[in-house]
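Number of protein chains: 2
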Amino acid sequence: MQISSTANPRVKAAIRLRDRGGRDDQRRIIIDGVREISRALDGGVQIVELYYFPELCRDESHQQILQSAAANGVQQIEVTPQIMEKLSFGNRVEGLVAVAEKPERTLLDLPIGDDALVAVVEGVEKPGNLGAILRTADAAGVSALIVADGGTDLYNPNAIRASLGSIFTVPVCSVASQAAINWLAQHQFRTFAARVDAKIDYSAADFRGRAAIVLGSESHGLTELWRTAGITAIRLPMHGRVDSLNLSATAAVLFYEALRQRGGC
Amino acid sequence: MQISSTANPRVKAAIRLRDRGGRDDQRRIIIDGVREISRALDGGVQIVELYYFPELCRDESHQQILQSAAANGVQQIEVTPQIMEKLSFGNRVEGLVAVAEKPERTLLDLPIGDDALVAVVEGVEKPGNLGAILRTADAAGVSALIVADGGTDLYNPNAIRASLGSIFTVPVCSVASQAAINWLAQHQFRTFAARVDAKIDYSAADFRGRAAIVLGSESHGLTELWRTAGITAIRLPMHGRVDSLNLSATAAVLFYEALRQRGGC
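Top line first, the protein sequences correspond to chains F and L.
Numbering of the first sequence is given in my numbering, commencing with residue 1 and proceeding in unit increments.
Numbering of the second sequence is given in my numbering, commencing with residue 1001 and proceeding in unit increments.
Incorrect hints may appear among the rest.
[What the hints assert, rightly or not] Keeping only pairs whose Cα atoms sit at most 25 Å apart, straight-line, the calculated SDA-like set for lysine to any residue is: (1) F:Lys-126 x L:Arg-1092; (2) L:Lys-1126 x F:Glu-218; (3) F:Lys-126 x L:Phe-1089; (4) L:Lys-1126 x F:Val-175; (5) F:Lys-126 x L:Lys-1126; (6) F:Lys-102 x L:Arg-1241; (7) F:Lys-126 x F:Asp-114; (8) L:Lys-1126 x F:Lys-12; (9) F:Lys-12 x F:Glu-94.
[As the list claims (entries may be wrong)] Some chain F residues near chain L, calculated using beta-carbon distances under 8 Å: (10) Pro-9; (11) Ile-15; (12) Ser-61; (13) His-62; (14) Gln-64; (15) Leu-66; (16) Asp-138; (17) Asn-246.
Keep in mind that the hints were calculated from the coordinates and are not lab data.
Here the structure is a predicted model, which is why all the values come from computation and not from measurement.
Glycine included, each C-beta is placed from N, C-alpha and C at the ideal position.
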């Protein structure tokens, strides 16, 4: 199938997926980039349309995606460079853009094994931070990530991009904070909440076994909901003049300390 | 002194400091934000002009800066909101913008004590990453940061902002990579270079004593110059699908592991 007009209704619907309103209405998401689409396929995301501009799809990685999509009955739509540019994120035009069903995961889909390490981010504001945290979670072997009281849409194109597509392979779900707290307690996770006013250094925490690491928003940190029995507040020591790190830097330090204690490095 | 025209030559010169060319020509920098200007004062940066819009300067933190500047003979220039907006970074208008002499530090200014921990970043591309790394370096008690073969200007307004002003309090200097390598060897730093192809996990490195942590650029990592006798390549283990972390996340993990080994957390 070929489309050459940006006024085509399918193209217009796909472009609307760049905005949260469009994603919420259609219950679909838009994915650009070869790496990100590959990871979505790996993660079992259901792709429904694949837009491509042939001249930019000659190398092996593009061809593999087109073949895999064809084998799965995904509709392939050849478009002009003008349409591709409108579909693509920022100034990144890689010749392939996918439209997929929005993955719907719940807490029931998350792993709860004896050594599950779950990360929770409450009220994260910047999609780029969410994506960077997912990238680090993937690298550090974090089992799942819960977006609690999400300030940002999990499938914002910026989050997808900053995650390098690991948003599709690390189990993630979006829930209310209280639901996350209940779930962690129910499954007896040892839960550590990062707070600048905590008394215990993170390195004194025992992250082995079934454990959870909870991070708050960039501007406001964690809400008071997380000050409850069974949740230990931890902090990163601050030896200079600043009183906090970037959210994604804090996540990296905590995830890798957990990995180190678990013998993963 | 009051200025109400954006065509005023001093104002025009100050606005030019937002660009690298202007900073290089005038050997001055521009600093906005109360916190950043405070840290510049703390760090002994020589401020030469302070632009202010009185209505936004009524709280104590602004008044302290104005008083401290007055005590040091800094020229204070009252401007209109229109001028303040042109001087300020992005959409951030805090009512105070400083022009300062560009700090000129060399390797001779850096600490070389028995427990000095020096960070080196080679060819960093994004000012925001440089700033975030400085913020983390400050927090983790890193003694100094060397920008080697700088792809970005140390005093880019984005770097200043992302550092929260710690760019003025952590000793920093900008040199060629070979000069940094020679200096580290001369002072017998145990030097660890982060590389994705390294064989040794970072947690097996001994960061105690006089040590250096070297990081490469976002796109290309470290140059071959750093593959030399006496420099140990280390890596962060990658347990998922992505093959690297964000540069600033890598820095955070390494700096905090060094701090942990040194008993700082």
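Hint-by-hint comparison with the structure:
1. F:Lys-126 x L:Arg-1092: The hint holds at about 17 Å.
2. L:Lys-1126 x F:Glu-218: Roughly 20 Å separates the two Cα atoms, so the pair holds.
3. F:Lys-126 x L:Phe-1089: At roughly 19 Å apart (the allowed maximum being 25 Å), Phe-1089 of chain L and Lys-126 of chain F satisfy the hint.
4. L:Lys-1126 x F:Val-175: Violated: Lys-1126 of chain L and Val-175 of chain F sit about 34 Å apart, past 25 Å.
5. F:Lys-126 x L:Lys-1126: 18 Å, holds
6. F:Lys-102 x L:Arg-1241: 21 Å, holds
7. F:Lys-126 x F:Asp-114: 32 Å, violated
8. L:Lys-1126 x F:Lys-12: Roughly 34 Å between the alpha carbons, so the hint for Lys-1126 of chain L and Lys-12 of chain F is violated.
9. F:Lys-12 x F:Glu-94: Measuring from Cα to Cα gives roughly 19 Å; hence the hint holds.
10. Pro-9: 35 Å, violated
11. Ile-15: 27 Å, violated
12. Ser-61: 14 Å, violated
13. His-62: 19 Å, violated
14. Gln-64: This hint is violated: Gln-64 of chain F lies away from chain L, its Cβ roughly 15 Å from the closest one there, beyond 8 Å.
15. Leu-66: Leu-66 of chain F check fails; min Cβ-Cβ to chain L is 21 Å, beyond 8 Å.
16. Asp-138: At about 3 Å, which falls below the 8 Å cut-off, the nearest Cβ of chain L leaves the hint on Asp-138 of chain F intact, so it holds.
17. Asn-246: 5 Å, holds
Checked against the numbered hints given earlier, the structure breaks hints 4, 7, 8, 10, 11, 12, 13, 14 and 15 and satisfies all the rest.
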